[in-house]
Amino acid sequence: MASIVTADSGSSNRFYFWIAAAALVVFAYFAWTKLFGLAPVNICTGAIIPLLGGITRSLNETAGINIIYLYEPFECQRMLNGMGTTIYLSFVCVIASTIIGVLGAWAQMSNSKILRNIAAGYIQFFRNTPPLVQMYFFFFALSPLLPRIMTDYGVARPMFDSFTWAAISLSFFAGAFNVEIFRSGIEAVPRTMTEAAEALGYTRPQVFRNVVLPLALRVCIPSLTNNLVNLVKTTTLAFAISVPETLFVANQIWSDRVNVFEMMVTLFVFYIGLVAVLVWMMERWEKAMRIPGYGR
Amino acid sequence: MKITSFRKGAPGASDAVNSPDKRNDKRNDKKASRHIILAGLPPLPERSANERWGDWGADDFTRGFFSRRSALVIGGIVAVGVLGGEAYAQINTDGAPQAGILETMLKWAPLILLGREGELGGFALNIVVSFIVMAIGTVTGVLLGIAQVSHAAILRTPAWAITQFFRNSPWLVLLFFTILLLPYQIPIFGFVIPFPDWIKATIGLALPIMANISEVTRGAIQSIPTGQWESAESLAFSRSQQFRLIILPQCIKRMIPPWMNWYAILTMATSLVSIVGVSDAMTLTKLAVDADGRSELLIPMYGMLLLFFFVYCYPIARMTQVLERRYSVVT
Amino acid sequence: MKHGFKIFGVIGFAACMLTGIAVAGTIEDIKKKGTLVVGTKADYPPYGMLDSTGKIVGMEPDMAADVAKRLGVKLELVPTVASNRMQFLQQGKIDLMISTMSVNDERKKAVGIIEPYYYAGGVAILVNKAANVKSAADLKGKPVCAIQGAFYNNRIQSEFTGQDLVAFKGVPENEAALLGGQCVGFVYDDVLLIYKKTADGEKWKDYDVVALKEFDPVPWGLAVKLEDKDTEWGKFMAATTAEWLKSGTLLALEKKWLGQNTEWLINASK
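Protein chains in written order, with the working numbering: chain A, 1 to 296; chain B, 297 to 627; chain C, 628 to 897.
A couple of the hints might just be wrong.
[What the hints assert, rightly or not] Straight line, CA to CA, 20 Å or less: simulated DMTMM-like cross-link-like pairs of lysine to aspartate or glutamate:
1) C:767 / C:835
2) C:761 / C:843
3) C:660 / C:693
4) C:659 / C:703
5) C:736 / A:61
6) C:767 / A:161
7) C:830 / B:586
8) C:882 / C:678
9) C:736 / A:256
10) C:735 / A:286
11) C:832 / B:586
12) C:658 / C:859
13) C:682 / C:693
14) C:873 / C:689
15) C:823 / C:670
16) C:735 / A:256
17) C:823 / B:588
18) C:856 / C:732
19) C:830 / B:588
20) C:720 / B:493
21) C:767 / A:61
22) C:756 / A:152
[What the hints assert, rightly or not] Short, incomplete list of chain A residues facing chain B, as computed with Cβ under 7 Å:
23) 130
24) 260
25) 264
26) 267
[Claimed, not checked] Which chain C residues stay away from chain B? Per the calculated CB distances, all over 10 Å, these:
27) 683
28) 696
29) 846
30) 853
31) 857
32) 873
33) 887
34) 892
Because the hints were derived from the structure by calculation, they are not lab data. A virtual CB, placed ideally from N, CA and C, is assigned to each residue, including glycine.
Please model the entire structure based on the sequences and the hints provided.
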């Protein structure tokens, strides 16, 4: 993307810088937690509970509104872990499904008939079957077929855990839609561009990477945003195969504490917020990539 | 946005859009007439020299999928799979002979398709739920979409808020919301309306569909050229008459392809109701697998469930594409 | 009141203002109706399960039949699960709930739990023999399957395993995950696991049922609507339960359905 000169390089470079910095901070936090088993700064006991604990606890006692994860350390930590897992799963699936989309679009445009039919078969299968059944199929039916790894506590565990299967299943599901989106984007690139590039001596892969793909991406960003939003919402299905994401944690909390309504509000706020962040990022990206002569 | 045409054969369409294997088409035509008797299948429809397959909505996959050669190949693979599975099941019995895989699948298929005795369940429930949800969602969604373009802010802002809220919430969360928080019956003026679980799930699914149809409607209304509105107004149509008589009839044609698209998405989303306990096809498949207890049944049974959904949704997807091309509006 | 929050049902809300929600639960109402509606489990052998004809049978339906006999009315059984049993009671769909519900403070505030408690369930784990788990302390760092929303999940996660549980909605998924190796054991109520191991010995021959003594048996309570707890209906149920315990009815039922008598019930029946 950096090879295409945008209309406003200065602000887009700053934008990329801040996004990269924020991503690095978040990534470092999670990496530290995974590596050392303990967060560098415990957000719950350090920040949330001192600030909000008193108010929410008294709110529960007086008005019966039980926002338990704001004053109870264990629930707070689990809720945060759940939200982190959702964000991480969304992130992994967005990246993987985009890559699958690009590869699939390339396969669909290739000269080999077998490759085209395989890609088309994959798309039709994943588009016309429910994502929930796909996930169950992967996790319950396919997982026992793969080889197992012996653990140190004596039991052989499957190769992939539930998070990985959820990521695989969701990436293929969203990837199928992405292939269609990228294909329509690629078809929107005028043939003259390809011909001009070939006249300049680019090979076919080079044409695809340097000329067609950047232009195609600009065209299909709105549909891509739509699909990625859908993907983030679909990560809630991982709840059914026991991935400890937000809905899963919320379900456990409301089973214990009988505060369904408060947890529902939390879930709505969280997911709508997450979707809003994603849409905002995609819109900024779209604006940053505007080329005069294309688009509004 | 200036985009070159998607129509096959149009000038300016790229190679990817036109059929890439022009030579194969002519060969296939000759082969088709020769092999009709062999395969006993009806002949492919006649087409003129200038017409391309794309004109009636087929693409590589459909052409390949429904060709005689691929039918034989797929049939061969399925036969090998079934026979191999049967053999595997028989060898692996540890003593007592067990029913073959195909037999077991056929035994459970009626339950998965139709549900338990005396109640609506299984795949039939999925389809009935999808019809009801689409009906409710379309009616409310169109109204909401009209409200979204209304001049009065008191209609427009809540409509916009509702649409955005239900569009951006995960469907599963909305399902839980309605299942857990709706009462099990509502008394209205002495009549009591019962709300069994599957009706609550239906309402839960109707909410996001309503929001999405509202967006589709709004898009369709906004794609009508302003000339239509202005000429209607100059002819002294009131706002509601403009809508009823001029705008909405034109919108319907534009709305049909995305509407059908949402129907396909919805049909697949009906499998979510299994998570909240309604006995649809997914729940009954899980029950069947558990009742039989054999691990080699997992893939065939879930595969059968996937096949049911595929057989239902794939024709809808194809029809959507055909309608999209036929109803594509040239502005 | 928490169950007063109803977002949907603008109509329902208005109707509630106008006509009020149907009230059920006092003894006169039940006798006038002629039917006692009881909510029991239908997927929890041997306390509530479906027989081959689809009827709900088990220890709890038998208890419900006894209550109906004492009142002289017919019995109607409604299958319930953990996520709707309290809501059904609160909304008046059932008059009485005998649904393997363990007692805790939040539930006492939501429904009227009758004392004395009629049963108690401990926690056990159906664990792979190769994992060598003899008590809950051995579970550290191991993946453990459980039912989503069970009351002991929090404690197992925070005190023993230290990592997220592999929790599914139903028992079949948990069994499939256990057999597939996704977890080392399945934590569930001890009575149910004992029943499974004896009924399905061949399937579970590589697994043991290990009781987790770190969890005290938690009493199960049958419940009526919260408002009815101290009325005639609640007092009737309390007296009935006390009489069941004293006369050994519950011991006999347990022997009939589970095949053995558990320690807690023997002590409670003295």
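Consistency of the hints with the structure:
The straight-line distance between the Cα atoms of residue 767 of chain C and residue 835 of chain C is roughly 18 Å, inside the 20 Å bound, and the hint therefore holds. Taken as a hint, the residue 761 of chain C and residue 843 of chain C pair is honoured in the structure, with Cα atoms around 16 Å apart against an allowance of 20 Å. A distance of roughly 18 Å separates the Cα atoms of residue 660 of chain C and residue 693 of chain C; the hinted pair therefore holds under the 20 Å criterion. The hinted pair formed by residue 659 of chain C and residue 703 of chain C meets the criterion: a straight-line CA distance of about 15 Å does not exceed 20 Å.
Of the pairs offered as hints, the one joining residue 736 of chain C and residue 61 of chain A holds, with about 13 Å between alpha carbons and a cut-off of 20 Å not exceeded. The straight-line distance between the Cα atoms of residue 767 of chain C and residue 161 of chain A is roughly 18 Å, inside the 20 Å bound, and the hint therefore holds. For the given pair, residue 830 of chain C sits about 12 Å from residue 586 of chain B by alpha-carbon distance, which is consistent with the 20 Å threshold. Under the criterion of a C-alpha separation no larger than 20 Å, the hint pairing residue 882 of chain C with residue 678 of chain C is consistent with the structure, at around 19 Å.
Our distance criterion of 20 Å between C-alpha atoms is met by residue 736 of chain C and residue 256 of chain A, whose separation comes to about 13 Å. For the proposed pair residue 735 of chain C and residue 286 of chain A, the alpha carbon gap of about 54 Å is over 20 Å, so the pair is violated. The hinted pair formed by residue 832 of chain C and residue 586 of chain B meets the criterion: a straight-line CA distance of about 17 Å does not exceed 20 Å. Distance hint between residue 658 of chain C and residue 859 of chain C is fulfilled; the C-alpha atoms sit about 13 Å from each other, no more than 20 Å.
Among the hinted pairs, residue 682 of chain C with residue 693 of chain C is consistent with the structure: their alpha-carbon atoms are about 17 Å apart, no more than 20 Å. At roughly 17 Å between alpha-carbon atoms, residue 873 of chain C and residue 689 of chain C fall within 20 Å of each other, so this suggested pair holds. Only pairs whose Cα atoms come within 20 Å are accepted, and residue 823 of chain C paired with residue 670 of chain C is accepted, the gap being roughly 13 Å. The straight-line distance between the Cα atoms of residue 735 of chain C and residue 256 of chain A is roughly 12 Å, inside the 20 Å bound, and the hint therefore holds.
As the CA atoms of residue 823 of chain C and residue 588 of chain B are separated by approximately 15 Å, the hinted pair is consistent with the 20 Å bound. With a C-alpha separation of about 15 Å, the suggested pair residue 856 of chain C and residue 732 of chain C falls inside the 20 Å cut-off, and the hint holds. Of the supplied pair hints, the one linking residue 830 of chain C and residue 588 of chain B holds, its CA atoms being roughly 12 Å apart against a limit of 20 Å. Taken as a hint, the residue 720 of chain C and residue 493 of chain B pair is honoured in the structure, with Cα atoms around 13 Å apart against an allowance of 20 Å.
Straight-line distance between C-alpha atoms of residue 767 of chain C and residue 61 of chain A comes to about 35 Å, which puts the hinted pair past the 20 Å bound. Distance check on the hinted pair: residue 756 of chain C and residue 152 of chain A sit about 14 Å apart at the alpha-carbon level, within 20 Å; holds. For residue 130 of chain A, the shortest C-beta to C-beta distance to chain B is roughly 4 Å, which falls under 7 Å, so the interface hint holds. Of the supplied interface hints, the one on residue 260 of chain A holds, with its beta-carbon coming within about 5 Å of a beta-carbon of chain B, less than 7 Å.
For the restraint placing residue 264 of chain A at the interface with chain B, the shortest Cβ-Cβ distance is roughly 5 Å, inside the 7 Å limit, so the hint holds. Restraint check, residue 267 of chain A versus chain B: the minimum CB separation of about 5 Å is within 7 Å; hint holds. Distance check on residue 683 of chain C: its Cβ is at least 14 Å (rounded) from any Cβ of chain B, clearing the 10 Å threshold; non-interface status holds. For residue 696 of chain C, the non-interface assignment is confirmed: its Cβ lies about 27 Å from the closest Cβ of chain B, beyond the 10 Å cut-off.
Listed as a non-interface residue, residue 846 of chain C keeps its Cβ farther than 10 Å from every Cβ of chain B; the least gap is roughly 26 Å. For residue 853 of chain C, the requirement that its beta carbon stay farther than 10 Å from each beta carbon of chain B is met, with the minimum near 16 Å. With a least CB separation of 25 Å from chain B, residue 857 of chain C remains clear of the 10 Å interface cut-off, as annotated. Distance check for residue 873 of chain C against chain B: the nearest CB is about 36 Å away, which clears 10 Å, and the non-interface claim stands.
With a cut of 10 Å on Cβ distances, residue 887 of chain C stays outside the contact zone with chain B, its closest approach being about 25 Å. The beta carbon of residue 892 of chain C sits about 29 Å from the closest Cβ of chain B, which is more than 10 Å, so the claim that it is off the interface holds.
Going through the hint list in order, the structure does not satisfy hints 10 and 21.
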